[in-house]
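Novice: Chains as they are written, first to last, in the working numbering: chain A, 2 to 95; chain B, 25 to 479.
Mixed in with the good hints there might be a few duds.
[What the hints assert, rightly or not] Quick list of simulated restraints, FRET-style, between CB atoms: (1) R155(B) to A72(A): 54 to 64 Å; (2) R256(B) to I37(A): 52 to 62 Å; (3) E76(A) to G321(B): 24 to 34 Å; (4) H33(A) to R324(B): 50 to 60 Å; (5) I22(A) to G445(B): 40 to 50 Å; (6) I22(A) to D74(B): 48 to 58 Å; (7) I37(A) to E81(B): 37 to 47 Å.
[Claimed, not checked] List of simulated lysine-lysine pairs, DSS-like, C-alpha gap at most 30 Å: (8) K90(A) to K291(B); (9) K342(B) to K381(B); (10) K73(A) to K90(A); (11) K67(A) to K90(A); (12) K381(B) to K90(A); (13) K73(A) to K58(A); (14) K58(A) to K343(B); (15) K90(A) to K342(B).
Just so you know, the hints here were simulated from the structure itself, not pulled from any lab data. Positions of the beta carbon are idealized from the N, C-alpha and C atoms, including for glycine.
Chain residues, written in single-letter form:
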Amino acid sequence: MQQKSNRIIVTVIGHDKVGIIANVSTVLADAHANIIDISQTTMDEFFAMIMMVDVEKASVPFDEIKRRLNAKGVEMGLSIDAQHEDVFKYMHRI
Amino acid sequence: MPMPFSAQEIVETIRMVQMENLDIRTITLGISLRGCAHPHFETMASNVYDTVCRRAEKLIAAGDAIQREYGIPIINKRISVTPIALVAESSAPDGYIAVAHALDRAAAEVGVNFIGGFSALVHKGMTGGDRALIAAIPEALTSTERVCASVNIGTTRAGINMDAVADMGHIVKETAARSADRGGLGCAKLVVFCNAVEDNPFMAGAFHGIGEPECVINVGVSGPGVVLTAVRREPDADFGQLANAIKRTAFKVTRMGELVGRAASDKLGVPFGIVDLSLAPTPALGDSVAHILEAMGLERVGTHGSTAALALLNDAVKKGGAMASSYVGGLSGAFIPVSEDAGMIDAAMMGTLTFDKLEAMTCVCSVGLDMIAIPGDTPAATISAIIADEAAIGMINHKTTAVRIIPAPGSKVGDVIEFGGLLGRAPVMAVHRESSAAFIRRGGRIPAPLQGLNN
Numbered sequence: 002m003q004q005k006s007n008r009i010i011v012t013v014i015g016h017d018k019v020g021i022i023a024n025v026s027t028v029l030a031d032a033h034a035n036i037i038d039i040s041q042t043t044m045d046e047f048f049a050m051i052m053m054v055d056v057e058k059a060s061v062p063f064d065e066i067k068r069r070l071n072a073k074g075v076e077m078g079l080s081i082d083a084q085h086e087d088v089f090k091y092m093h094r095i
Numbered sequence: 025m026p027m028p029f030s031a032q033e034i035v036e037t038i039r040m041v042q043m044e045n046l047d048i049r050t051i052t053l054g055i056s057l058r059g060c061a062h063p064h065f066e067t068m069a070s071n072v073y074d075t076v077c078r079r080a081e082k083l084i085a086a087g088d089a090i091q092r093e094y095g096i097p098i099i100n101k102r103i104s105v106t107p108i109a110l111v112a113e114s115s116a117p118d119g120y121i122a123v124a125h126a127l128d129r130a131a132a133e134v135g136v137n138f139i140g141g142f143s144a145l146v147h148k149g150m151t152g153g154d155r156a157l158i159a160a161i162p163e164a165l166t167s168t169e170r171v172c173a174s175v176n177i178g179t180t181r182a183g184i185n186m187d188a189v190a191d192m193g194h195i196v197k198e199t200a201a202r203s204a205d206r207g208g209l210g211c212a213k214l215v216v217f218c219n220a221v222e223d224n225p226f227m228a229g230a231f232h233g234i235g236e237p238e239c240v241i242n243v244g245v246s247g248p249g250v251v252l253t254a255v256r257r258e259p260d261a262d263f264g265q266l267a268n269a270i271k272r273t274a275f276k277v278t279r280m281g282e283l284v285g286r287a288a289s290d291k292l293g294v295p296f297g298i299v300d301l302s303l304a305p306t307p308a309l310g311d312s313v314a315h316i317l318e319a320m321g322l323e324r325v326g327t328h329g330s331t332a333a334l335a336l337l338n339d340a341v342k343k344g345g346a347m348a349s350s351y352v353g354g355l356s357g358a359f360i361p362v363s364e365d366a367g368m369i370d371a372a373m374m375g376t377l378t379f380d381k382l383e384a385m386t387c388v389c390s391v392g393l394d395m396i397a398i399p400g401d402t403p404a405a406t407i408s409a410i411i412a413d414e415a416a417i418g419m420i421n422h423k424t425t426a427v428r429i430i431p432a433p434g435s436k437v438g439d440v441i442e443f444g445g446l447l448g449r450a451p452v453m454a455v456h457r458e459s460s461a462a463f464i465r466r467g468g469r470i471p472a473p474l475q476g477l478n479n
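Please build the complete structure, drawing on both the sequences and the hints.
Specialist: Structural data, given as structure tokens:
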């Protein structure tokens, strides 16, 4: 299968607090990953921030970015995860 | 560029993976061993070992890479092979154990936990090779770790080979006896089928069918937890709405299988076969098919209404799955193994779920009597009669049915057999004590039903 994109979706779920965007952006910038769009919503009582990120020119592989984001999440008491865009494309678009 | 997905869609996917145990249950590489036949069994066994190792060399690495790339857990990587009775037919009868050991070593070498296909298709009759394979099953399963066996004893087209059914009662007993120190665990790797499918990716009944190509990737997706959440979200929905909610969920889950299957096919350079969307429970919390039926409004699975609830679930899962993938196949539906499902275990221990009710439920589930422990002193003829009943259900209803039961040596009704891991623990369930021996002794073949004469 041809991978059409090198975009990932980063999700941050937890209680809202100061510095979420700054911290996540720093992790991504350090990996040379480019944030394309950010949106946020509330899910039940939780805050959810969603970022679309281009990792085409990233300096580290996807699983390493994911590991760093997970670690930052643990540090901040949030759930931070990243998944390939194709996962959402397959599940929600025909 | 704007975000192409809504926040709800993204959160839904994340929730499925992180909180509801959505996973790819298995990527199964089917491998043809038809080129391995040889009159000398040592050569045949070494051909088998070499072929499996060569074809599956990159399977584990490819699975791990897909898991990393997409962030979807892939629980098992497995292999299915051509029914060994076909491959070893021309070797000496004592070659069958050698080939089982070759399969076991090859599975260990490439790093898969199960390899299926120590199998024979005898629905209309047995060749010498079939007979030798069936006789070798108890030793093969108890002297290897990873090899799984299956025997197809009936089809809608051919009827039921009752001589093979009679033999299988003894084979199940002997396999249990040889693994008595582990509660008869050998029987967990032995499936007796009616209408076996050729592209099933799930163990223990997977084999690479004779109509399949050299190599193929089949993907098994699961997700009882995801469906459970969808059902719980609809406490007041009528059955039409409920079926719709399940279909939507099944569709989304199957799309993941399609994505992973195509990625695996691409990485391995092997054609993509099918996605099998089966609700395959595990003993983990929130991964139970029984709990889905209970969430539909039953106090405990096994009570009246369980068969209707399962029929709705099984059908809605198939309908959702069928629309989601270009090739849906395998067993697609809901599995109801007892020992692998926390809700089934509870219901069996409380006495709500009985053996006879399970048999009724298999008329509408995707497979059959699965992972059920029965008393160790159950006669072989009774086991054969259980197999015959289950095969009759499959034969008449044009569906796959299977029996995987464990007559745990020394056990009595009420005991609990611990298998550990994904195989879980099985409460020993009562079977009828009245004899079926004279029925089984008749032998011969139950003729194909009218349903089979549909040309």
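Novice: Going straight from one Cα to the other, do K381(B) and K90(A) come out at no more than 30 Å?
Specialist: 42 Å, violated
Novice: How does the Cβ-Cβ distance of H33(A) and R324(B) compare with 50 to 60 Å: does it lie in that range?
Specialist: This hint holds: roughly 56 Å between Cβ atoms.
Novice: 37 to 47 Å was suggested as the range; check whether the CB atoms of I37(A) and E81(B) agree with it.
Specialist: 38 Å, holds
Novice: Is it true that the C-beta distance of I22(A) to D74(B) lies inside 48 to 58 Å, as the hint says?
Specialist: 55 Å, holds
Novice: Does K90(A) sit within 30 Å of K73(A), going by the straight-line distance between their CA atoms?
Specialist: Roughly 26 Å separates the two Cα atoms, so the pair holds.
Novice: Regarding I22(A) and G445(B), is the given constraint of 40 to 50 Å on their beta-carbon distance met?
Specialist: 43 Å, holds
Novice: Does K67(A) pair with K90(A) here, judged by a C-alpha cut-off of 30 Å?
Specialist: Given pair K67(A), K90(A) holds - Cα atoms ~19 Å apart, limit 30 Å.
Novice: Could you grab the alpha-carbon distance between K90(A) and K342(B) and see if it respects the 30 Å cut-off?
Specialist: The given pair, whose Cα atoms are some 22 Å apart, holds under the 30 Å limit.
Novice: Taking the CB of R256(B) and the CB of I37(A), does the distance hold inside 52 to 62 Å?
Specialist: For R256(B) and I37(A) the Cβ distance comes to about 35 Å; the hint is violated.
Novice: So the hint says 24 to 34 Å: do the beta-carbon atoms of E76(A) and G321(B) match that?
Specialist: Violated - the Cβ-Cβ distance for E76(A) and G321(B), about 44 Å, lies outside 24 to 34 Å.
Novice: So does R155(B) sit 54 to 64 Å from A72(A), Cβ to Cβ?
Specialist: 59 Å, holds
Novice: Can you confirm whether the C-alpha distance between K73(A) and K58(A) stays at or below 30 Å?
Specialist: Answer holds: K73(A) to K58(A) is near 21 Å, not above 30 Å.
The structure does not agree with the numbered hints 2, 3, 12 and 14 stated previously, though it agrees with the rest.
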